[in-house]
Each structure stands twice: as structure tokens, then as C-alpha cells.
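Next come the chains, spelled out residue by residue.
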Amino acid sequence: MSLWTQSIVSGLLSGGIYAMMSLGMSLSWGVLKIINLAHFSFILLSGYFTYQLAFSYGWDPFAAILVCVPVFALAGMALQWAFDKLRVSEFESLLLTFGLFIIFESIASTVWTADFRRMDTVQNPYQSQSVWLGDIALPVPQLAAFVVAVIVAFGTRYLMEKTDFGRAVRALSQDRDVARAFGIDPHRVAMRLAGLAAAFAAIAGVFIAMSRALWPGLAVEWFGIVFSVVILGGLGSTLGTLIAAVIIGFVGGVATVVGGPPMAPLAIFLVLIATLLFRPQGIMGRSSI
Amino acid sequence: MLEVESVRAGYGQAQALWDVSLRVGDGEIVTIIGPNGAGKSTLVNVIAGIHPAWGGRIVFDGREITALPPHRVCTAGVAVVPEGRQVFADMTVTDNLLIGGYHRAARARRKENYERVCEIFPRLAERANQLAGSLSGGEQQMLAIGRALMAEPRLLLLDEPSLGLAPVIVDTIFEILQRINAEGVSVLVVEQNVVEALELASRGYVLEQGRIVKEAAAADLLDDPDVRTAYLGV
Amino acid sequence: GGGGGSATTAAPDTTAGGPATTAGEDTTPATGAGDDEEAEAPSGDPIVIGSTLALTGPLAPTAAIHKVAGDLFVERLNASGGLLGRPVEWRVLDDESVADQAAALYERLITEDGVDLIMGPYGTGAIAAAIQVAERYGYVYPQHTGSLTYAFGYECHFPSWPTGRYPNITNPELVFDALESTGNPPETIAFVINQFPGSMFVAYGNPDTGDPNDAKGAKQIAEERGYEVVLDVQYPLDISDWGPIAAQVRDADPDFVYLGALGVDGPNLIAALDALNYQPAGMFMQWPAPGPVLGAGESAEGVLSVTAFESHPPFTDDPVYAEVADAFREAATEAGIPYPEMETQASASWAAWETLVQGVEGAGSLDHQEICDYLRNNPVKTIFGEYTYGTESNNYYGDLSYVKQVQDGDWWVVYPEEKAAPDRTIQYSPDN
Amino acid sequence: MADLRFEDLVKHFGGVHALDGVSGHVDDGEILGLVGPNGSGKSTLINVLSGHYEADSGRVVLDGEDITDRPAHRIIEMGLARTYQIPRPFSTMTALENVSVPLMFGAEPKSPGEAREAAREWLEFVGLEAYADEPITSLNLHQLKYLELARALAARPRILFLDEVLSGLNPAEVNESIEMVRRIHDSGITIVIVEHLVRVVTSLATRIMVLDRGKVIADGDPGEVMRLPEVVTAYLGKRAQSA
Amino acid sequence: MRQRPWLGPAVTLVVAVALWFYPNLVDAAGWPIFYLLFAYTVFFWVTQASSWNLFTGFSGYFSFGQGAFYGVGVYALGVLVVKRGWPLLPTFVVGGLLASVLGLFIGLVVFRLRRLRGEIFALMTLAVAFVLGAVARISPTIDGGQGIPLSSVPTPDALGTHPQMIFRLGLITAVLAVVVVQVVQNSRLGWGLFSIRDDEDVAETLGVPTFRFKMIALGLTSFLAGLSGAVHALQVSYVTIEEVFNIRVPLMVILMSILGGTRHWMGPVLGALVVHTMSDRLNRAGLEAVSDIIVGALLILMIVAIKEGLYLRMRERPLVTAIGAAVGVAAGFVLGPLDSAVTHLAYTLLGAVLGAMVPVGRRRRPQSGAPATQTIEEVVGG
Ligand SMILES: Nc1ncnc2c1ncn2[C@@H]1O[C@H](COP(=O)(O)OP(=O)(O)OP(=O)(O)O)[C@@H](O)[C@H]1O
Ligand SMILES: Nc1ncnc2c1ncn2[C@@H]1O[C@H](COP(=O)(O)OP(=O)(O)OP(=O)(O)O)[C@@H](O)[C@H]1O
Ligand SMILES: [Mg+2]
Ligand SMILES: [Mg+2]
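Protein chains in written order, with my numbering: chain A, 1 to 289; chain B, 1 to 234; chain C, 1 to 432; chain D, 1 to 243; chain E, 1 to 382.
Since the hints were made in silico from the structure, they are not lab data.
Honestly, I wouldn't trust all of these hints.
[Unchecked claim] Quick list of simulated restraints, FRET-style, between CB atoms:
id, chain 1, residue 1, chain 2, residue 2, range
1, E, 319, B, 128, 55 to 61 Å
2, B, 89, D, 7, 31 to 37 Å
3, D, 109, E, 29, 37 to 43 Å
4, E, 108, A, 4, 34 to 40 Å
5, B, 89, A, 221, 35 to 41 Å
6, E, 108, B, 105, 52 to 58 Å
7, B, 5, D, 137, 26 to 32 Å
Where is the CB? At the ideal position from N, CA and C, for every residue including glycine.
Using the sequences provided together with the hints, build the complete structure.
If you want it as C-alpha cells, here you go:
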């Protein structure tokens, strides 16, 4: 029994990391209409920053958030500024950021080599720590990622649905000219949102670095899961993203126990296909129009 | 209030406006009439800053706004009802209206304005949570007008506000224009209901092929034989 | 002076300083090819050796080590007189960890660039793809890490990784022998296997080759030895969530975990087990990235793996290789490799280069048939010792693997006794 | 020979009853004016009849054949074409290409080459020949409406639904357009026209059907219908009544 | 030009017949055999990109399914020929057909649902590739994690040496793909797909049988992708799940098609040629550290400077393109090592691409017209 509960719990918790990686992507794609592959690079680089801060200066990995968030928020804003200037469309953004992705990967491998980088247990004591709920272990990095993802998802949802900032970005994404004619400064608003999305990537990177080894090609492995989460959750829907991530984590955890790890991707993607067939707009997507 | 001097504009290599000049006085209602494709919408968009001017000057309230981006034109006090509705299709009716009152000056009285719009267009209140894109054509037009009213402009630009509206609503629209004008808002309206528009306005311009060809008091235009044959079809 | 030749190498300047001077003082070239004269500066047109490596993509972390090793080797080779008196240039291209890319690149190196010699790439797929090209053009094909021993039948293919023809048998036998040497072998064992062709082969064998010896694997051998297999899971290469696997391991509570691991699978599983507050009595890892395992600290103590060379005695008893190991450490550190010790991967690379060089020197020409014949008929001296390519067994030489273990925060060879580091013995006790 | 009947059509969007049991018919050769306040369900009716939407319930019969569940491309093939109130051109094609698409399909499909030739003439018919090879972005709203018209005509329909094609024209242009609609009608096409310009409807329509909140509230002779008190209060308002 | 839909396919076939003898020329002239392989790889990408474009470029349904279709082809060959001992040549076609069965099955399920468009469709197709990968991993009859070595596949003598054979097989598939796309582009199917891309509902109400057209297009696309995958298996020589069912093929194909332009059959062909030539030469230059940065930067530059795709841009600006190409040729002689035809090709293409980026050109303004006073009969009759 504890095998089951433990596996399900760790599946659910890994949903927290998936969510954290996907939230910014969802915002950027759903609202800014930028399919930002550089988002993956931000996650990876933020992971490397965390590693480097711990390695060179003995920083606690959690403290790395203080550096990574502002750095990548600025980077995200700068990118958005460029996208705005170039008037990049959705598809163009995919290719353009693919170019950036290649460049960032190559930079990472120049700076940190292609070899694995992983904080040891002294630099990152959290990798082997857990919070215990009875006999269920909640590993600290995953738990932290999960908690932060929940907060971020609800916070962002509030921001997008209930505040003027949220309405402004949505309006902008639908009809830029008219939105501008109602006093919305497109650059400022979009850059702030892009900064936010990149900040989420930075946080995700910190948690990734805390729980696994880094290498420059790692980011490609995330494409499948993150795109699945983003689309299953409904583009731009933060709550949907969270739910989708948790579902995927849960399905993966259960499938690993039932049929072995190779079943996990099969189960995840079958559930994904089934869900889309029955709810094609995604979990939280709008149902009308 | 608004001075447009020798404005030129166009699309790509194609010029659509040639040295257009016009004026809207404080508290005035001015109408522009003209045939299809004359450049009326282009002119409205140029004034609102949505479309760039190639040359000329636009002065609003003594301040040059020619090259200002649209959001700055908006904060200066100009709101627009664009041609063909252009509502935010994937946002609810309420959110569309709130965007109307987004800029700082309008935000303070947003609640009252919202209620006022709902009172003018009860249909919008009924559909408050519907996505704007799924509204009927006329309902979207009401929303576009309501949204502009939310912005509390000092100059309201309307591009064919009656488009697709049932006669009974068209009446309402013209009443509203009169009412907000009485509250001190200047109005520049492009309208194909030429008779009603000229009855409402104090002055009118005739725009043909990108050029102003006539400017007169509205009543005079109504009686002008050229205008009558060209635009009233009588 | 020996400096002149280095201008023609493809080695980055950054590594040129240190090792070159060391090599200058040493009269014996690290190749072990045995020419005794004072190193002459190589002259003439460079001999171009072409190869690809997975400089990007999923195999890049390990390939990076082969890059450092190759660069270092070529640099020292040039410093010690080059090959056939000519300077050597290593042209290494990026195959992006993709097999068809590797095949195309070897085709290009051979037919368009007209390289004189080739060196094998890293990664099963690439090795298998390149071997066909090599065979097509009759090129001698030294190669360092191909573990699918049954798949490589080309007669001029010279694998330097000393696992023997049947790593699927020798490897597990070695590990289990080591465990049994403690007098207290495990009773229950868990198999956790990466679904990578090589690790699958070692763990389960491959029944499709027609050779009954290929059909065996670690699991069957464990069962034959009477261990009870309490868990048998396979996981995909790009697994991201180790929690459920760790839970299964904890649940099965085996005396020993046989992890058919690649790269950082090992430390990932250790961290996941740690989070569950569980530590198995013993664990074996197939081909781990050595550095990250050590990074797992306390929990990694006692972890076993296999190796063919470690930079400690008795392996460094030979001063030539002691010096090579030092030079490698320096070069790898310089290149930013986090765990710069010379161990299995780097030494396999080294041995492949030694094979190639001795083949050429032995044949005295660049004629591939002659080189091939020489290597098939003469032993070569490599970092692993004297090596005879076994013409009966797909050119695989015998098994020269040893068991190493993490003790006191570092890797030490612990079994068999004659190869164990001084005062090191295998530590394993399933009872506590 | 074009005889369209529909019975008890119902279409709900969430809580909105866009069509709430609408029955009616379009007789061969008539010009039916379809009017009603905004949001009364006119466009929805056209969407349902043309197969763009599936009705929740009800039946559509064309020439005795039940076409309720036919896919839209079969319906247009049977001679029923429509325009969109808010123009929906194919945005990456030129004006000419837009019009050539329906010519390639339907009952007498043409090859792409032939379709282009024929499309040019339809563009001429609506006065857009100068824009034939222009991208759609250089057409303004009213030009797009005419393009809608050309596209629908190019399908050679027997029944043509016009959803506010003439709105936004000034009175003089309206007069010309009325003539154009007449010419279309004279060529033997039955027309259903939705328009808020009362003058257009009254001068063209041979019969008028009035919708309000998804229900038919009046149906009959134009002169009489437009004087019914419920039509006046729901739709026309005071001024229009006096006009 | 538009009046001659047969012209494109005819030219393609003539070029193909000429190219058929290219291996003999290489042989006779003693050129590097690599040229054959280089050409094959271009053919491979031309096939994949054209096939992707046929469905996605034309209909606008963004598909990541290319990886799945390609993978089915690769594995069909691996499993059927290596494990089951099927003969080689018919298995190519079987690979295509199996991929096409998969494509049609996806279509049957997905196109029934009106709302499965846009990114949802993209995700569905992405998921299919992952599901196939997982199935292959679980099932030992397909792969089971061991991979399939293809070294033992006997190749038919009729097609010559391995490089000659792979060249000719690649040529056949590429020609097939290009001709199919050419024919589709100028047919009602093509126009139907274009209108689906712009507005599917409107297309349907204007008479386009959207479901049938999408099925046909997806069926063709998946067949071509599977066929080409089966051929490519011979080049991969060791098939593993990770290398086959990943996003490399779809990403490359998307990249090439969009760079070249998705609106014309020539776009993906040009995109494949340019991208593969450039990356091959950059790789050869051996600048590991910077070559990726150059690739990335070039990509960004091209996307930013040429939004409509290389082909349309070049056609619009033939002069600057030609000048650019000429400069490229000259630069090849001045800068480049004169050793390789491929290097020269790369310089030429680079010059042409840079030339096409130069912004020049102007547009006319049309005269407005009033509605004509014709009758419908006049229009129809005329
Ligand atoms: N986006 C555009 N690109 C190119 N040309 C355009 C564009 N929009 C409008 N035009 C052209 O500019 C001219 C003026 O158009 P505009 O929409 O301003 O006229 P209008 O007076 O508003 O006409 P209407 O009464 O039909 O609304 C027309 O010839 C039109 O074709
Ligand atoms: N997709 C939809 N989702 C939700 N509501 C819808 C949808 N389409 C139409 N409606 C609603 O159905 C009602 C009828 O709309 P319809 O477009 O048929 O009106 P109409 O009579 O054409 O009005 P108008 O004269 O303004 O064009 C409207 O209230 C509209 O808001
Ligand atoms: Mg206009
Ligand atoms: Mg309507």
C-alpha cells in the first residue's frame, strides 16, 4: 500500500515541477502569442546559475532564486522588446526562438562543457531531504516546486482575470491596434508579462538544478511534457496548466508502478489523446465560439 | 479642440489621403460624409494614431499628436469606435467594457460609466459574461460604442456607429450622441445615414477620393444639390 | 624543439601548454609504440585522422571526455615525433548524437575530405553506422566504446574497450564473483535497467543473434547463482521522475541493486532513494558518470561499478601511464570537465588511439590493408596492457574489467585482489 | 424549383436561445426580407440553413429533400449560398483567388485555371476588378462585403442569403446596390436578404419575415408587416415609423 | 504560367531522369562519392519537408506527426526486413502504406471533431509519435529497447553500390513527393486545402469537401513520409527509439518548409537544400563551438528578414537574387578552398539568400471601380 501511495504522491509532486516549467510557456504562448523555445533555455540556464552559485560561492540553492528571477525576468523583457520591434508572428516566433535555443545551448556547453553538472550533497542538502507525512515522503525540491507552482498558478490567474493588467494583455493579444487606442501601452504591458513568464522559468530552473543533473542537451527532453501540459491545460490558462501538470504527473506515477517506467509515457500520452478527444479545448480552455 | 492640417496617409505605396484638413471645435459635432473607399476610415484611424500619417499635422487641445502612439492619443482624451466593431472577441462583454475605461483618467469613474452603458444598452448587461466574438453583429456594435463611452473621452471619433444596428437602436445612438455632446464631449462622426448625421451635426465635410471637397454647415450640406444627388440618392 | 608540429594539430591552443612540455622531457612517447630515439619534429604533410563525436545531443556529456582524450593524445603524438615522421591532424566533427549523421560524416571524411585514417565515434548507433562506411571503403576502424559486441563483424574493426566478446556474461560474472568474494553475497537482487541497447544487452542478452552466448545476461546469471530477483524494471533513457522507481526499490528491499545505468541515472536514483530515507545494502552501476556519483556523498559509499583503468596504483605503476593520467587530469581540468580523472572512458579512447598509431607504425605505411593485417597479427601495447585483437571473436580481446567501488568519497578498484588499489578490498554486507 | 422549408428550428448557445422554434419557407423566385432587432437570430438562421451550424432540433427541407444534417459543402452544391455578415475572406489569397474557390466546387466544378477566368468576371460584376490580384488586406470593410457577394454568386446558387451586404453604404450607393440585387434576382436567383436599412427591405422584398428573440413574430406582405405594432416597437422605433 | 499545371511535374521528371545518371558521372569523373550521399540527404529532407508541407503548409493543420510517420517507415523496414526477412524493395512501399494507415486513422478520429484544430491538433500528432515510441519500447517484437542493427540488410545489385543505391532511392522518393505536391498545388485539392487553411468553416460553406480533402492530404503526406523513412533506415543503419521517435525530424522539416515558404511546392525544396547545405558545410568547417551559434543566428536573420519564405522572395526579386548568387560564386573562388563542389554550392546559396534579403521593390495602387451594370447572364455567358 505504501508503495502505491508513495508512487502516486511522487507522481503528483513531479507535476509541480512540470507546472512550474510550463506556466510561463503557457502565458507567453497563450497571451503574447510567442511560442518561446528560449523559455527552455532560461530554465536550463537558471539551473546552471543555481549550480554555479552553489559551487563557487556556496550559496544555498533556494537563495539562487534571488539572483535568477531578476536576471531572467530582465532577459525575458529584453527578448519581448525585440519580438515587439520585429513584429514577430506566432510561427515566426517558434523558429526565431529555436535559433535562440540553439545559441543558448551552445553557450551553455561552452561555459559548462557538455559533461554533467550536479550539486553535491553538501552544496545542495535538499536533494536527499524529505518532509514526512506519516510514512509518505515528500522530497523537499519537489514539494517546494509544487507549493510554489500552486501559488504562482493561482496568483497569475487572479492577475490575468481580475486585474487591469490581465485584461490589458488579453486585449492586446486579440487586437493590438484597438487595444492601443484604449490607452494600453503594448510594449510595457507585454514586456512585463514576458518578464513574469521568464521569472517562472527561472524558478523552475532552480528546482530542476536542485533535483537532477544538468547538461546542455537536457532542455530538449522537456519539450514533450511541457507542450503537453501547456496545451492540455489550455493556452494561457494558468490553473489549467497546473491541473494538467498534476494529472500528467499522477498518470506517470501510477503507470510506473502498474506497468513499469516504459508504460509511463504511453499512459501519459494516451490519457492526453483521450482528454483532447473528449475535451478538445483543453482542460480549462473556453468552450464557446 | 481638434485641428487636422494637410494630412497625408496611405497603405504601402498607395496614398489614400491627400492634404486633408479639418477642424472640430469645442463641444461641436462634426460629420464626414463621402463615398465608399474615400478614405474616411483611414482618416479616423490616422487621428486616433492607429494608422501613421505620412505628413501634415494633427493638433488636439493645443498639443500636437501627429506622431503619438495610439495609447498616448487615448490618454490625451480621444476615444474611437472603429469601423466594423473590432471588439476583443475572446474576452467577455464586461472585460471589453472595462478595457474601455482602462486609461488612468477614466478609471476613477469606471463603475458609474459601466452602469450607464448597461442602462443605454440593456442587451449588453444581459450578455455581460458572453464572449464578445459570439455576439450578434449589432450587439458587437453596441459594445464598441459602449466601450468608447467608458473611456470618458473629450473627443469621440465614431466610424459608422450605426452599422448593422436595428432602426430602433440607431435612434438610440443618435440620442446618446446628442446627450454626451451636451455634456461637453466633441464628436467627429463618419456616417452613412447621411440625413440623420447631418441633422445631428453642426458642420460637415465631404471627403472624396482622399480629398476634402466640401466643408459647410450641416444644414447647408443637407440642402446642397450635389450632396443630395451623390449621397442622398434623391 | 618539438613545438613546431603542434601548429598543425586540431587541438585547441588552450591545452597545448602543460602536457606538451611534460611530453618533451619524456623520451618514451605515450603511445607505447616503442621508438627509442629522441623525438624529431614531425615534418611533411600532415596525416589527417577523421572522426566524429557526439559533441552535442544526449550523448555529449560522455563524448566530451573522448574529445579531451583524443586532443591530448594527438598533441603528445606530434610532440613526440608524429606518425611516420609526419605531423598528425585530428579532424573531429559533431555528429549530434545521431547515427545517420555519423554515417554521412564518415562518408564525407573518407570520400570528400580524403582523410588518411579514421577513429571511431562515441555511441552505439554512431559506431554501428560508421562501421559500415569504414567497411565499404576498407578503412581501418579503431573504436573505443562499442558494447554491442555481436553487431560489429567488420574484420578491420578494432574495439579497444576491453570487455571481451561477451560482456553480457563476463561483466555480471565479475560483479557477482566480487560480491561472493566477501563471503556474504546477496540473497535478493533488484534489476533496474536503462533501455539503452548496450545496457539491455548486458542485463538480458540478445536472443536474436543466433549465438547462444549472446542470449544470456546479468539477470539470468544472477538467477543461476541462486539470487532471488525481487524486482526487475526497465526505464526509458529520458526518464525524469525517479520517485516511483525509488518507491519500488524500497518496497522490494533487495540486498543488492543492479542498476543498468548510464550517465547520471545512478545519482538520480540515489537521491530519490535518499528522499525516501532508504539505502540498499549494495548497488552496482553499469556505466555511470563517475563525478556525479561521488557528489551523492554518504549515500554513494559502497557503490560498485566496472572499469578497466583508474588513475591509481597498480594501474599507474607504469610511469608512462602515471604520467598520462596526470596529463589527462590537467587537460580535462583545463577543458572544464568536472571529474577530470582518467578512468574507463578516457582510457578506452587512449587505447584506441594507441591501437591506430601502433598499427600504422607497425605497418610502416598508411595502407589500410597492411595496417589491418598488422593489427590482426600482432599484439599492441595499450594503457590496458598488452592487447591482442581476437580474430575469432569480432576482434574483441579478452575481458580486462575490474570492479571499482566508492570508498571514502572516491573510486577505487577493489576486485580482483591483484588489481585492487593498495589496502582496498570490496566492502559489502547485506546484513546490516 | 427552389423551394426551401424549415420547421421548428432550435439553436441554443449556452443560455442564449438564438433560435427558439423557427419555422418558415422560402418560395421560388421571391425576395424574402428577413428583419428583426439585433440579436434576434437572423444570422443564426442563415448559419443553420447553410449548414454552418448544426441545429439543436428541427428540420430543413430543400425541394422535398431533408438536408438538415447535410454537411455544408453538400448544401451549397444543392444551390444554397450565403454571405457572412462580418466578412470572412480567405486571408492569404488575393481577391480573385477568393472568388475562384467556390467555382472549383459545387455541381459543376471547374479546373483551377478555368475558375480564375470565371472569377474575374464576378469581381467585375461587384466592381472589384481593380483589386483582383491584390491581397485581401488592401480591401476595406465594404469592399470585403462585396467580395463576399461575389464569392457567393460564383457558386451559382438558386437561393442566395445576403446578410447585411449593403449596410454601411450611403443612400446613393444603396440605390445602386438595390439595382444590383434586382439584377441578381432577375437572373432567376431566389434571394433572402437581411438588412437593417428599412428602405432596402421595403423596396426589394416581396415578403418580409420578422424575428424577435429567436421567434417569428410576423410574416407576410411588406407593407402590412412593417406597420404591425409589435414590429414597430421591437424593431423600427418611432422615427423609422414616421419615415 | 498558371495555365500550365503540367509544366512543373514535367520539368521535375526531366530533371529526375538526368539525375538518375548522376552516380555514373560521379563514378566516371572520380568525384567524391560523398556527393551522392550529400545529394541523398538533400533528397531525404526534400521528401520529408515537401510531404509535411503538403498537409500542414497547405491546409494549415500544424502537424508534429512527421516524426511518427517517418518512424513507422523506419521501423517497418527494420522489423519486416531484418527480423522477418521480407524482401527489401516491396517493404519500402509497405512502410509508406503503414504510415498512411496511421495517418488516416488519426484523421478519422481527429477530423470528426470540428474543434480539434490549431495547437490542439499539433499536440495530438506530437503525442502520437511519443505513443508509438513507447509502444516500440514496450514491445520486443518491434524493438523492446535493444535497437535494430540494419547492417545485415542485403541490398539489390540492380541499384549499384550502397551510395548509388541510396542516391537513387532517395531520388525516386523525392521526385515522387515533389510531383505529388506540384500536382496537388495546382489542383482543386490544393485550392481546397488553401481555403481550409484560411477559414475552414467558410471553405465548407463554399463547397469544399473539407473532411475528404484533409483525409486525402494526410494520407498522401503520411505515405510519403513513411516511404522516405523506410529508405532512410538503410542510411541510419542502427535504429533506436530515441533517435527515431524524437522531435528532430518534425522540427527540421518545419524549419526547412517555413524558411523556404509553405505556399509553393518549391519552398520546402529550397528550404531543404539551403538548410542542409549550410549545416553540412558549417559542420565540415569543424567550428564546433561557434557553428551552432552561426546556425542559430542565420536562422533568426532569415526569419526576421524574409517573412514570406525564401522562394517567394527570390521569385519577387530575381535580379538581386541572381546578383547575390553570382557574388557567392565569386566569393567561393576567392575565399573558399576550391576543393569541393558542395562548398561552392553553399557559397552560391548563401549569396542568393543574402541577395534576396535586400529590401527593394514597389507596389501599384489599383483604381477603384463602381459596380458594373452587367446582368448575371452576361457574366456567366461571357
Ligand atoms: N489595409 C489596407 N491596405 C491597403 N489599402 C487599404 C487598406 N485599407 C483601406 N485601403 C484602401 O484605402 C482606401 C480608403 O479606404 P477607407 O477604408 O479609408 O475608405 P472609407 O471612406 O472608410 O470607405 P467606406 O465607406 O467603404 O468605409 C480604399 O481604396 C481602400 O481600398
Ligand atoms: N456562438 C455563439 N455563442 C453564444 N451566443 C451566440 C453565438 N452566436 C450567436 N449568439 C447569440 O445569439 C443571438 C442571435 O444572434 P444572431 O447573430 O443570429 O443575431 P442577428 O439577428 O443576426 O443580429 P444582428 O442584426 O445584430 O446581426 C445573439 O444574442 C447572440 O449573442
Ligand atoms: Mg470606412
Ligand atoms: Mg446578424
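Now for the hints, and whether the structure bears them out:
1. E:319 x B:128: 55 to 61 Å: Given about 58 Å between the Cβ atoms, the range holds.
2. B:89 x D:7: 31 to 37 Å: holds, 33 Å
3. D:109 x E:29: 37 to 43 Å: Since the Cβ atoms of residue 109 (chain D) and residue 29 (chain E) sit about 51 Å apart, the hinted range of 37 to 43 Å is violated.
4. E:108 x A:4: 34 to 40 Å: holds, 37 Å
5. B:89 x A:221: 35 to 41 Å: Given range 35 to 41 Å: holds, Cβ gap about 37 Å.
6. E:108 x B:105: 52 to 58 Å: holds, 57 Å
7. B:5 x D:137: 26 to 32 Å: For residue 137 (chain D) against residue 5 (chain B), whose Cβ atoms are near 29 Å apart, the range 26 to 32 Å holds.
Hint check: a violation occurs at hint 3 only; the rest are consistent with the structure.
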